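Residue-level listing of the chains:
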Amino acid sequence: MISQILFEIPAAYEMAVRSGSLIQIGGLLKDAVSGKIVAHLQESGLAHSLIGTAMLGVTSPVSLGLSAVSQLANIGTGIYTAVQINQLKTMIEGLQSLQIATLGVSLLGVGVSVAGFLYMRKRFNAVDKRIDKLLDTVIHGFESQQKATLRSHLSQVDGIVQQASQARTLKNPKAEYSRIAERMAEEAAHFEGELEFVLKMNGKVNHELFWQLAQTLMACNSVRIDCRIRTNELRNALDVALGVGESYERLFGRLTPLSFDGKATQMANTITALKDITDVAVTKPYLIDYLHSRRIDGSDYVDQLGQEKERPLLMLPVA
Amino acid sequence: MKEPFRRMIAFFRCNIRSFFKSSPAKGISCTASNPSGHDSQHHDAVDSFATEQNLWGFTADAIPPLPLLLDPARLDRLAFRRQVLDWRDDSILKINQCADRVLKEFSAHIVTMLKAVPIWRRCVWPKSTSEIIFHDFNRFVRWPIQHEAQLSENRIKEIYDRRKLRETSVRRFNYEWADSPLNCIEQIGFRPSNEAKIIVAISHIVQGDQGLSDNFHRQIIGICAAVIGDRNFD
Numbered sequence: 021m022i023s024q025i026l027f028e029i030p031a032a033y034e035m036a037v038r039s040g041s042l043i044q045i046g047g048l049l050k051d052a053v054s055g056k057i058v059a060h061l062q063e064s065g066l067a068h069s070l071i072g073t074a075m076l077g078v079t080s081p082v083s084l085g086l087s088a089v090s091q092l093a094n095i096g097t098g099i100y101t102a103v104q105i106n107q108l109k110t111m112i113e114g115l116q117s118l119q120i121a122t123l124g125v126s127l128l129g130v131g132v133s134v135a136g137f138l139y140m141r142k143r144f145n146a147v148d149k150r151i152d153k154l155l156d157t158v159i160h161g162f163e164s165q166q167k168a169t170l171r172s173h174l175s176q177v178d179g180i181v182q183q184a185s186q187a188r189t190l191k192n193p194k195a196e197y198s199r200i201a202e203r204m205a206e207e208a209a210h211f212e213g214e215l216e217f218v219l220k221m222n223g224k225v226n227h228e229l230f231w232q233l234a235q236t237l238m239a240c241n242s243v244r245i246d247c248r249i250r251t252n253e254l255r256n257a258l259d260v261a262l263g264v265g266e267s268y269e270r271l272f273g274r275l276t277p278l279s280f281d282g283k284a285t286q287m288a289n290t291i292t293a294l295k296d297i298t299d300v301a302v303t304k305p306y307l308i309d310y311l312h313s314r315r316i317d318g319s320d321y322v323d324q325l326g327q328e329k330e331r332p333l334l335m336l337p338v339a
Numbered sequence: 003m004k005e006p007f008r009r010m011i012a013f014f015r016c017n018i019r020s021f022f023k024s025s026p027a028k029g030i031s032c033t034a035s036n037p038s039g040h041d042s043q044h045h046d047a048v049d050s051f052a053t054e055q056n057l058w059g060f061t062a063d064a065i066p067p068l069p070l071l072l073d074p075a076r077l078d079r080l081a082f083r084r085q086v087l088d089w090r091d092d093s094i095l096k097i098n099q100c101a102d103r104v105l106k107e108f109s110a111h112i113v114t115m116l117k118a119v120p121i122w123r124r125c126v127w128p129k130s131t132s133e134i135i136f137h138d139f140n141r142f143v144r145w146p147i148q149h150e151a152q153l154s155e156n157r158i159k160e161i162y163d164r165r166k167l168r169e170t171s172v173r174r175f176n177y178e179w180a181d182s183p184l185n186c187i188e189q190i191g192f193r194p195s196n197e198a199k200i201i202v203a204i205s206h207i208v209q210g211d212q213g214l215s216d217n218f219h220r221q222i223i224g225i226c227a228a229v230i231g232d233r234n235f236d
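Keeping their order, the protein sequence lines are chains A and B.
Residue 188 in the numbering used here is what sits at position 168 of the first sequence, and the numbering runs on without skipping anything.
Residue 227 in the numbering used here is what sits at position 225 of the second sequence, and the numbering runs on without skipping anything.
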């Protein structure tokens, strides 16, 4: 086990990305000539405390364009101090310089997710309420039995995340995390099925329902991988992350700006976000592979990132 | 004998370190915060430990890393896939925007033309709409959309060229229409009283299902699927 994990700041790589000597693919940077991976982008716990609360009010990536910083600052007026706005600005600029600004809206794991289960639960609750409202009003094609099943699964997910947030006080939290990872795998499979169903419905896809279900699926997968990393089951986390990446490629890759029921120009933001999310999901196994290869303890890794108080985004250089 | 001995020492040193709560070293450009919240005194201890390690020439990295399980070469496929998907979405969006714009312009043109229809043509024997608008439709609608498609075709060619991939026929658009799209308005007389009917029919020809714009969208998705070699787009 290597207990000392050294990070760098994304700004250190910006010039090289701009000059083209480094290429950004999803959540990693690789050398343009040798093709070797140079560094992995990694969010810290600060990222979530900075924009997590504000983003709970954002229902889709539609409202986020290039002026993400000012929009977020506006959303968060009254929430942020001057220092926090600066940190937020640095974070968004970092994401923009790496051309993945839309990830701010998903906040579900640039690198290993360190969102924390309490935040995840808040997020689930927000999604749950919106889906509930949608099912009651605008969604056609869902039979009442299907609505009831969906609601039941949302409640189950909420319960599982609550258990995850309480697991750390157990004498043996690893066993609990393993159990939660298993249950989340089942829930992720369910929500993947629901998304498939929504995508196969006749006509244009209901954008809001799709986005809420997609968020739930992403959060389930994020918690699954998170739990496996906390139990230091990195080899298994790698397999799970590979499967998740493939599933996002399959689910989201077929969608275009014209697939949804909204204006094509606005839907293009959603599509960009989905492509970014997919790329990050597909490159995440490379980060886990690196942690595994260097014998970095998963639990230590998550703990260190969770307690970072200065920088929302970090780079893990590849030795 | 020297190397195994060095490894054995490194192994024991790492294990001894694992009894302590992990903490980052001081003086590194950026490290994650110390999870245990230890004070600077502890940092100093870690520093001296690190220095001692360096003096001895051992670090925790002395244990050889496990082999990587994933091949970084696969990332090229991912980058290429992203480029093609971006091309697909950008092309669809541009053709869609172009179709919206020309449709708006052409609808206004139709209204102007309808106002100019002579009185006697309005009452008896109005000419067929398809006959009247054929050339203007091509000039105002069809050619601009095809031009946008041509630009899109050039962009996918650039992706191919940049990647030094062999040019294939899959990226070619088919600009031909099996049937004249204007057949459906052949029966509509070109007179002001049919204005709404004509506008709706033309909107359908341009933006409707199987319309001019949709025809290119389908082709773009098909090309994308063929280029990526991905069955998810079926």
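Calculated from the structure, these hints are not laboratory results.
Hints should not be assumed to be uniformly reliable.
In the SDA-like style, the derived pairs of lysine to any residue whose C-alpha atoms are separated by at most 20 Å in a straight line are [said to hold, decoys possible]:
hint, chain 1, residue 1, chain 2, residue 2
1, A, K283, B, H206
2, A, K224, B, I223
3, A, K224, B, R165
4, A, K283, B, G213
Derived Cβ-Cβ restraints for the label pairs, each shown as a range [to be verified]:
hint, chain 1, residue 1, chain 2, residue 2, range
5, B, T114, A, K142, 33 to 41 Å
6, B, Y177, A, Q183, 30 to 38 Å
7, A, G213, B, V113, 31 to 39 Å
8, A, G213, B, H137, 49 to 57 Å
9, B, Q99, A, G223, 15 to 23 Å
10, A, G213, B, N156, 38 to 46 Å
11, B, V113, A, K283, 51 to 59 Å
12, A, K149, B, M115, 31 to 39 Å
13, A, E216, B, K117, 49 to 57 Å
14, B, E133, A, F217, 30 to 38 Å
15, B, R165, A, M35, 21 to 29 Å
16, A, K220, B, W122, 51 to 59 Å
As the structure is a computational prediction, the values presented were derived from the model and not from experiment.
Beta carbons: idealized from backbone N, C-alpha and C, even for Gly.
To see whether the hints hold, each was checked on the structure:
1. K283(A) / H206(B): Satisfied, since the Cα-Cα distance of roughly 18 Å is no more than 20 Å.
2. K224(A) / I223(B): holds (16 Å)
3. K224(A) / R165(B): violated (34 Å)
4. K283(A) / G213(B): holds (18 Å)
5. T114(B) / K142(A): 33 to 41 Å: violated (57 Å)
6. Y177(B) / Q183(A): 30 to 38 Å: Given a distance of about 59 Å, which is not inside 30 to 38 Å, the answer is violated.
7. G213(A) / V113(B): 31 to 39 Å: For V113(B) against G213(A), whose Cβ atoms are near 49 Å apart, the range 31 to 39 Å is violated.
8. G213(A) / H137(B): 49 to 57 Å: Given range 49 to 57 Å: holds, Cβ gap about 52 Å.
9. Q99(B) / G223(A): 15 to 23 Å: For Q99(B) and G223(A) the Cβ distance comes to about 22 Å; the hint holds.
10. G213(A) / N156(B): 38 to 46 Å: About 41 Å separates the Cβ atoms of G213(A) and N156(B), which means 38 to 46 Å holds.
11. V113(B) / K283(A): 51 to 59 Å: Check failed, 25 Å falls outside 51 to 59 Å.
12. K149(A) / M115(B): 31 to 39 Å: violated (53 Å)
13. E216(A) / K117(B): 49 to 57 Å: Cβ of E216(A) to Cβ of K117(B): about 52 Å, so the range 49 to 57 Å holds.
14. E133(B) / F217(A): 30 to 38 Å: For F217(A) against E133(B), whose Cβ atoms are near 47 Å apart, the range 30 to 38 Å is violated.
15. R165(B) / M35(A): 21 to 29 Å: At roughly 25 Å between Cβ atoms, M35(A) and R165(B) fall inside 21 to 29 Å, so the hint holds.
16. K220(A) / W122(B): 51 to 59 Å: holds (55 Å)
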